[in-house]
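Between the sequences and the hints, there should be enough to build the whole structure, so can you do that?
Line by line, the protein sequences are chains P and X. First residue of the first sequence: 1, per the numbering used here; consecutive thereafter. First residue of the second sequence: 365, per the numbering used here; consecutive thereafter.
Bear in mind the hints are in silico, worked out from the structure with no lab data behind them. One or more of the hints may lead you astray.
Using 20 Å as the maximum straight-line C-alpha spacing, the simulated DMTMM-like pairs for lysine to aspartate or glutamate come out as follows [claimed, not checked]:
1. Lys94/P to Glu576/X
2. Lys508/X to Asp15/P
3. Lys508/X to Glu53/P
Every value quoted in this text rests on a predicted model; they were computed, and no experiment measured them.
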Amino acid sequence: MAQIVIKNVKKQFGDFTAVRQSSFTIEDGEFFMLLGPSGCGKTTTLRMIAGLELPTSGEIYLDGEEISQRPPSERDIAFVFQMFALYPHMNVRKNISYPLVSQGMSRDAVRSKVAEVSKILGIEDILDRPVGGLSGGDRQRVALGRAIVREPKAFMMDEPLGALDAEFREHMAEELRALHDRMGATTVYVTHDQLEAMQMGDKIVVMNNAVVEQFGTPQEIYDKPATMFVADFIGSPSMNFLKFHGKLGTGASALPMHGVDFDVPQTREPFEGDMAFGVRPEHVSLSGDAKFRAEVVATEYLGTTQIVTLNTAGGDVKARISSEQPARTGETVGLEFNPETITLFDRQSGRALKSELNEGVLHG
Amino acid sequence: MSSFSVTEPSNRTKWFAGTLVILYAVITMIPLVWIALTGFKSPSDAIAYPPKYVIGSDSEAGFKPTLEGYVNLFTTRTRQTQEFLDANPPENWADEIVRQYDMVIVGPSKFGERFLNSVIIGFGSTFLSVFLGTLAAYAFSRFKIPLADDLLFFILSTRMMPPIAVAIPIFLMYRQLGLSDTHLGMILLYTGVNISLAVWLLKSFIDGIPTEYEEAALIDGYTRFQAFYKVVLPQAATGIASTAIFCLIFAWNEYAFAVLLTTANAQTAPPFIPTIIGVGGLDWPAIAAGVTIFLLPVMIFTILLRKHLLRGITFGAVRK
Ligand SMILES: Nc1ncnc2c1ncn2[C@@H]1O[C@H](COP(=O)(O)OP(=O)(O)O)[C@@H](O)[C@H]1O
Ligand SMILES: [Mg+2]
Numbered sequence: 001m002a003q004i005v006i007k008n009v010k011k012q013f014g015d016f017t018a019v020r021q022s023s024f025t026i027e028d029g030e031f032f033m034l035l036g037p038s039g040c041g042k043t044t045t046l047r048m049i050a051g052l053e054l055p056t057s058g059e060i061y062l063d064g065e066e067i068s069q070r071p072p073s074e075r076d077i078a079f080v081f082q083m084f085a086l087y088p089h090m091n092v093r094k095n096i097s098y099p100l101v102s103q104g105m106s107r108d109a110v111r112s113k114v115a116e117v118s119k120i121l122g123i124e125d126i127l128d129r130p131v132g133g134l135s136g137g138d139r140q141r142v143a144l145g146r147a148i149v150r151e152p153k154a155f156m157m158d159e160p161l162g163a164l165d166a167e168f169r170e171h172m173a174e175e176l177r178a179l180h181d182r183m184g185a186t187t188v189y190v191t192h193d194q195l196e197a198m199q200m201g202d203k204i205v206v207m208n209n210a211v212v213e214q215f216g217t218p219q220e221i222y223d224k225p226a227t228m229f230v231a232d233f234i235g236s237p238s239m240n241f242l243k244f245h246g247k248l249g250t251g252a253s254a255l256p257m258h259g260v261d262f263d264v265p266q267t268r269e270p271f272e273g274d275m276a277f278g279v280r281p282e283h284v285s286l287s288g289d290a291k292f293r294a295e296v297v298a299t300e301y302l303g304t305t306q307i308v309t310l311n312t313a314g315g316d317v318k319a320r321i322s323s324e325q326p327a328r329t330g331e332t333v334g335l336e337f338n339p340e341t342i343t344l345f346d347r348q349s350g351r352a353l354k355s356e357l358n359e360g361v362l363h364g
Numbered sequence: 365m366s367s368f369s370v371t372e373p374s375n376r377t378k379w380f381a382g383t384l385v386i387l388y389a390v391i392t393m394i395p396l397v398w399i400a401l402t403g404f405k406s407p408s409d410a411i412a413y414p415p416k417y418v419i420g421s422d423s424e425a426g427f428k429p430t431l432e433g434y435v436n437l438f439t440t441r442t443r444q445t446q447e448f449l450d451a452n453p454p455e456n457w458a459d460e461i462v463r464q465y466d467m468v469i470v471g472p473s474k475f476g477e478r479f480l481n482s483v484i485i486g487f488g489s490t491f492l493s494v495f496l497g498t499l500a501a502y503a504f505s506r507f508k509i510p511l512a513d514d515l516l517f518f519i520l521s522t523r524m525m526p527p528i529a530v531a532i533p534i535f536l537m538y539r540q541l542g543l544s545d546t547h548l549g550m551i552l553l554y555t556g557v558n559i560s561l562a563v564w565l566l567k568s569f570i571d572g573i574p575t576e577y578e579e580a581a582l583i584d585g586y587t588r589f590q591a592f593y594k595v596v597l598p599q600a601a602t603g604i605a606s607t608a609i610f611c612l613i614f615a616w617n618e619y620a621f622a623v624l625l626t627t628a629n630a631q632t633a634p635p636f637i638p639t640i641i642g643v644g645g646l647d648w649p650a651i652a653a654g655v656t657i658f659l660l661p662v663m664i665f666t667i668l669l670r671k672h673l674l675r676g677i678t679f680g681a682v683r684k
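Below, the structure written as structure tokens:
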């Protein structure tokens, strides 16, 4: 069981930079999510931790030991591949025993260890089957078995549910999380699915374009996004950005936007220029007499709640409100925003401005 | 079962395809069968017209099988006077066969030696081609090699003209190096010709094996070489088997260089077989016997590896 520290890690393939100066820390026993859109460098980061790719520069510490240039066999880290990569010429039992055989473990010890692991995963009855004919879920379990059987210091999982049917994914996600809770091993899990990351992770790193945008708990990332990208990528529907031009002093707790004064969390830095007023849909409320006016352009019924799309002077805004509250297309209403939840962004750089709300979360 | 299926061929299609395959097999088998039969005929039956092709029958087209061809192939014989023949009764069944021509066996022919040369040179160069080819193909497939594309092109370019075009330089070079008429020389030569095919064929097979398998092995605590040996090689068995068959067939059948470069010591079977000359005209049964025996190793080798070829094909179909 182990802590993993990633420090200024960078990876270049020729002239192409796949990962740019990334730093984050994975605490012992955490279920850690690497989240980001396709091609942002998640797999590359994971492969560097496992030793399948060597960083161009930077350090990786496993339990305080610098390992970034060591071969994978000397790292004691298990890896679950996206397409599982079960050895096709071996049956299930051989696949699971394979990491133990390399350690020179005795036959009897291997047998009992494989039996133990297959019991945990519920695959005792397929041990002697070839891996070719297995269902997606069973392949997944065998791949997990091969990873957990040697009790490594940490697990790397590259979109392990990506190859499964949507129906089965949820079930397997629960199984995975339960397995983690039972073993308590440090796990780094790559996904491009923000919902999966929010549901399963203790901590999340959000990557975009080879850069770590933010890392923290799911709540921190959801409530206190560090960049417009994170705010937009996480949550469905994503955060609203009202565009305006404004000026702020340090310590301000209200600001004018399109002629209306809004309360915001007290600012911690001055700013002047193009800004975005970030507010989550559930923190937008409709009230008849509020000063900030908006026209309802669409409503989407979701059972207990509805998503109302409104047109404002700052652009379109989505509000998640109770289905019982009437909202008719074409109607003009007033909008109010929950002041404690507001994040202001510099639209030029996409960076969140420091405030009372997010000062503990932002780094660098 | 529905009466119509997209994936399952209809009975008529199967029947048609089956007929075609059998027809083709028969056509290609006829010369082989003819050669095998001729090996068991007497010289006069071998050139009889109309031809004889029914074993043991008394009819017009029948012939009595005899091992004469095989005896002639494996022995050298001399003609003897009647007194000598009378004084020395036949020593064994083979001797008895040659007595009908007033001859006695005086020793083995060169065929056994030549055949052994073929085996050593054919299998030796096949092994070397596949061994070097696999290592090179793996390196080209998995590692960043400077100028990899140029090197691959260079390797292929060695096959852009018929090898025999460089026969004279090779002949002179081999004489200088003392490789003429040696097993090593022929093994190196055939390996040199086959290696480009081996590298290219094997590279495409190894390219088709996902790198995740080796990476999984690396993660599981194996070294790069162990991963190659235990995970990649079994996956590449199909490719290795088919490459080996191609290499063996070339080296086994090669005639021109063998004629040019080998004489007394390392001569292979192909240049030897035509030199089997009988008494009063070509000894067709002996030649046919030689060809039959000559064909066997490649046939057996292919049949042994056939399982791998077929397995590979079905495996690939499932995996994709
Ligand atoms: N071996 C490689 N050589 C060159 N480019 C690569 C290599 N591996 C990954 N890349 C590139 O690096 C970028 C990040 O890839 P990856 O880490 O796989 O992204 P993700 O897993 O987030 O989808 C991609 O643009 C990909 O094309
Ligand atoms: Mg990926």
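Against the structure, the hints:
1. Lys94/P to Glu576/X: Satisfied, since the Cα-Cα distance of roughly 17 Å is no more than 20 Å.
2. Lys508/X to Asp15/P: holds (15 Å)
3. Lys508/X to Glu53/P: It holds: about 13 Å lies between the C-alpha atoms, which stays within 20 Å.
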